[in-house]
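Asks: Chains as they are written, first to last, in our numbering: chain Z, 4 to 260; chain D, -7 to 319; chain W, -14 to 280; chain E, 75 to 478.
Do not take every clue at face value.
[Unchecked claim] Here are the computed lysine-lysine pairs in the DSSO-like style, where the Cα-Cα straight-line distance is at most 30 Å:
id, chain 1, residue 1, chain 2, residue 2
1, E, K397, E, K284
2, Z, K140, Z, K36
3, Z, K13, Z, K193
4, Z, K13, Z, K249
5, D, K300, W, K153
6, D, K104, W, K153
7, D, K104, Z, K80
8, E, K106, E, K331
9, D, K300, D, K104
Hints were generated in silico from the structure; no laboratory data involved. It should be emphasised that the depicted structure is a prediction, and the values quoted were computed from it without experimental measurement.
Below are the chains, spelled out letter by letter.
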Amino acid sequence: MSESVILETKGLTKAFGGLVAVDKVDLSIEAGKITAIIGPNGAGKTTLFNLITGVYPVSSGQIYFQGGLLNNVPAHKRASMGIVRTFQHVHLFGNMTVLENVMSGRHPRSSYGFFEAALRLPKARREEEAISLNAIKYLNLVGLGTHAEHDALSLPLGQQKLLAVARAMATEPRLILLDEPGAGLNTSEKRQLSDLIRNIREMGISVVLVEHDMPLVMGLAEWVIVLDSGQKIAEGTASQVQKDPKVIAAYLGEEVE
Amino acid sequence: MLAGLKSKWAYLAAAALLVFLILIPFDWFLGRYTTIMIFIGIHTIVTVGLCLLMGYTGQVSLGQAAFFGMGAYISAILSKTYDVNPWLAMLIAAVMTGAFAYIIGYPIFRLKGNYLAMATLGLGMIIYILFIQLAQFTGGPEGMSGIPYLSIGGFVFNTSFRRYFLVWFFCLAVLLISQNIVSSRAGRALRAVHGSESAAESIGINVTQFKVKVLVLSAVYASLAGSLFVHHLRFVSPQPFDFLASVKLVVMAVIGGLASIWGAIFGAGTTHILSDELLLRFGEWDVIIYGLILMLVMIFMPEGLFVKLKEVFERLRLRYRRRGAEP
Amino acid sequence: MSSEQFVQYLISGLTQGSIYALVGLGFTIIYAVTRIINFAQGEFVMLGGMLSFVLANSVGIPLVPALILSVLIAAAVGAIMYVLAIRPARRASVVSLIIITIGAAIFIRGIAGQIWGKDYVRPPYFTGEEPISFLGANIHPQALWIIGTTLVATIAVHLFLSYTMVGKALKACAINPSAASLVGINTRTMGLIAFVLAAITGAIGGVVMAPLTITSYGVGIMVALKGFVAASIGGFRSPIAAVIGGILLGIIEAFAVAINWGPFTSDYKDAIALIVLLLILLIRSGKLAEEERTG
Amino acid sequence: MRNYLKYAVVLVLVAALLALGGISCSEEEVIKEGDTYKIGALFSVSGPYSPLGEPEKQTMEMMEARINEAGGINGHLLNIIVYDDESDTTKADILATRLIEQDKVLAIVGPTASGTSMSAVLVADDKHVPLVACAASEPIVNDEEGNEREWTFMTPQSSNQAARAIFGYLQEELNISKVAILTDKAGFGVLGVAALEAEAPKYGITIVAKQTFDNVNDKDMTPQLNIIENASPAAEAIICWGTSPGPAIITKNWHDKQMGIPLIQSHGSLSNTYLQLSGDAANGVMLPSGKFWVANQLTDDDPQKAVLLDYIADFEALYGQGKANTYGGHAYDALSMVTMALGEMENGLTISEARTDIRDYIQNITGFVGTGGTFNMSPENHHGLTDDALVMVQVVDGKWTWLE
């Protein structure tokens, strides 16, 4: 497999009881690019993310990350390998401040534990220093530097989504999966978001986003993959998939409602 | 040295609290409360553990009295029956209790919420039954007396005045350690688990492992408290470690505000002062009134009395500020 | 062991189990509808027993009306408890709610102790005390009353839940509260009904068991713990499961004594029951986790 | 900012140094003419032991009122401070300390149960205050080395005395040599097992089956009785040890099974409650008893007769027919000994001297006739109840009858 591919799936399948949510999907995500996965509701986009990040075990098929088999790697280990995601329903830590949320994102990049913490040993203080410096860096990246001490949930939804991205970025990923980052944002917030996503790409991090908002996708994505009822029905550049009859058919089903 | 204390006012407050605690046991001050304060200190240690487990990590335990009891019994048996040095016994007890917590941790944390509550309750009761039934070691329901006092060199902790300082030394140490932990990487991980387990996993936190670790920590605290408990009473019986004891501990934690380390003192304090001091004048009605207060507090301030009071204090301060601001 | 002794153990287990079952039933009804573990459940049992004694022996009301009245009063207490203590605390956490119910238990028990004293009492038997011989085993008539009543009560509850409007509404709440309220079911009223229903089953249990098992103002807490275990074994899902859990628990305990070897003795039977509970919880843990997420 | 913390640390060290002094609170107040005598009482008025604690508390209140109506003791009114330990050992420790250090009582009566008694006993012994417990277990009066504790006494008949009474009767009257025992898992039953196992050999009796029951949870002890029935060699009698309600249930199960071997209950079942609970089933059951329950069957020359009839009459006049029981009697005996001591005490003593004075008096009491029997205390024996305090009684048509 070519070096430029960061994530690859072969015949990836997930079935919940009888219902097959993801059906023999073959993907290969180009490194350093912005890839969008689109598709009508219930197409299995989020399930795909959950498989890649290890929330669910796969039913069959393989996932390769940077050439290594990912299937049996526990979810919490994947972050330190460089895979991180955000959630459709933000999932911020409500019992922390904005800064602490990002600091917790440094978890896989720091190591001191209960013991060092309990006695505040030099190691603890040193790492804590680094953690907060880095956290502030990523907070500024998403432009929330001024809100560091606020309660995470006191922010408006738009900023909460940015914060979620900052928390994910703090883990220094190679690949970041964004689950409907645009949902519920107004136009200016969306512009802010796209700039941020391009920024991330510039940092050499591969971005995969699941998104309903077509203009946003078309503006950002260099490669678009279309899922429908668990299967990959098309992929290509934005303009290519837009013309694809299968895609139009799939979406027509939705436009009606 | 001590995290969380940011302003000089915080330091002054801490110092003031310390001075107050130091003066309490003197007869010319609040000496007559020494015994109650000893139990408050002991229960504070257990409660802090519960706060870390329940308030910060969001895991329920209705069996914490079992760890408390294990510490008590292991200390008692080793130091009395086998003449082990009490301090060493205390250490062994903590290690054994912690190990036990570690072993049960992994299976039990496959459960969540109410089912976790059921399982911990069941475990607690099993341990309690063992305290009664392993009579050849524990002395059975009658318990065992003749447990030695703790001592350093020639200095024996044989008066409640001395034990008061012993207990509160440990209590404050535990409070400081816990304060340091919650504001650390590990502490954030715990709070993350509480906030959203899936999000925690997604940023590389091993959720189950952290749950187990905090359970072990709380068990070690409880064990330490249990050891201090028996070396104060010099007598141990199963009754202080039954189901109701576990409930009392949870009550202390909740009243102190589950997610607040220093609230633990307040929780243990109010509970004891209420039932061992204020309610005594109500004679036979004490239990009834206790039940009533329990309900009222939980109904009208489910986030705990301590937190409520802090809110009120804040509000007053702000109003005062505003007045000051007005020309 | 000989066949008649086997029967003896079985009956004994059924009698104990029936009691656990009726309490577990109450736990389950309340939990399913309100997601509350009500540790005051045992106090309803206590009220049933004490009231039937007070009314029948002290006041001197004829037995049957005395029994009915006892159950009704207990039901009223259940309703009052829900309205005054539970409903105002909806926003409270799992733990807070558990503490509230325990507070309520302490309160009810305390009042009962003040009014009726601390001594143990025994209400009159329903139908004498001459043991009936059955397959060579001697059975106390009251034991048959207990087993029979449990059977009837269980069936009644089942029919109520399956074939009445209210019952179906309760079931709907149990399965999915938010959906239930969407289709216009008042979940708060349902909570009230659940508490009353639980109080009734508990009190019925208290009424039938008191003559045989003897009662006092303080029996509630231990009864509650046993019923809780029964309900847990039943998985806190369906009333039937809770009843089966209770019967199972009773029989386990009876035969744990019967085996009388190693840990299987009268000393450890409570522990054995609890270990069974833990095993069941852990075996079903995967499924339970799902329920926690959905329910 | 560090230096603020330094202050605090210094303060801790200072306090620690002070602690080395270990200041002990001394009672130097002097009791003058006409001061009230403060006596502490600690009973389980709530919790599992409340059926025992309640009558004890009532007895104390009755006697306090009686004594004060009669003008008190040598012009000193009596003030009895009663606390409820809720059957909780931790609470017993706190409240005993409170009685001694805050209320500055001269002596303590109670606690009710052996568990709570132990924590109170250790406090009283430690702080040199006389305590007369209403529970009977070895550690209350003897320390680990088996030496008599200096400051603590107890009034109820001990389990060993009860066991001796039972075995004596079984051996002589019924010549039975094989018994099964069925005992409460909790405190009282455990004392019973220990006593029975210790005394049996002395009477050539062997225990062929041992079963326990859970007094709160077990509603049917037939399974245990089945085990006993199958014991080999076969048991010739069943000895049951517990307090209500267990023994009553066992009595019924025993009756329903028609086992055909005698059932002997312990002195823990000596109460009208037991009779009421077990109904006709109790007929034929035998128990070791203080003379309390057979008071009216005693010959007039028996010194206990008057004492018992008076106490029972007084108590039931106040609290209702059939309410008097031996538990209240234990409290009566305990307080009586304390008041006797107070009667002999001269004025002008400090509290600590008074406490010593009371202790010295009580441990030299001889020939005091109480409800439990005749007490002959001595510095080496802080129980002082002689074996003849116990007789065997049998339930006949729902009444206690003396097996002379």
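Asks: Next, verify each hint and record whether it holds.
Replies: The hints, checked one at a time:
no. : hint             : result
1   : E:K397 to E:K284 : violated (33 Å)
2   : Z:K140 to Z:K36  : holds (23 Å)
3   : Z:K13 to Z:K193  : violated (33 Å)
4   : Z:K13 to Z:K249  : holds (22 Å)
5   : D:K300 to W:K153 : violated (40 Å)
6   : D:K104 to W:K153 : holds (28 Å)
7   : D:K104 to Z:K80  : holds (22 Å)
8   : E:K106 to E:K331 : violated (65 Å)
9   : D:K300 to D:K104 : holds (28 Å)
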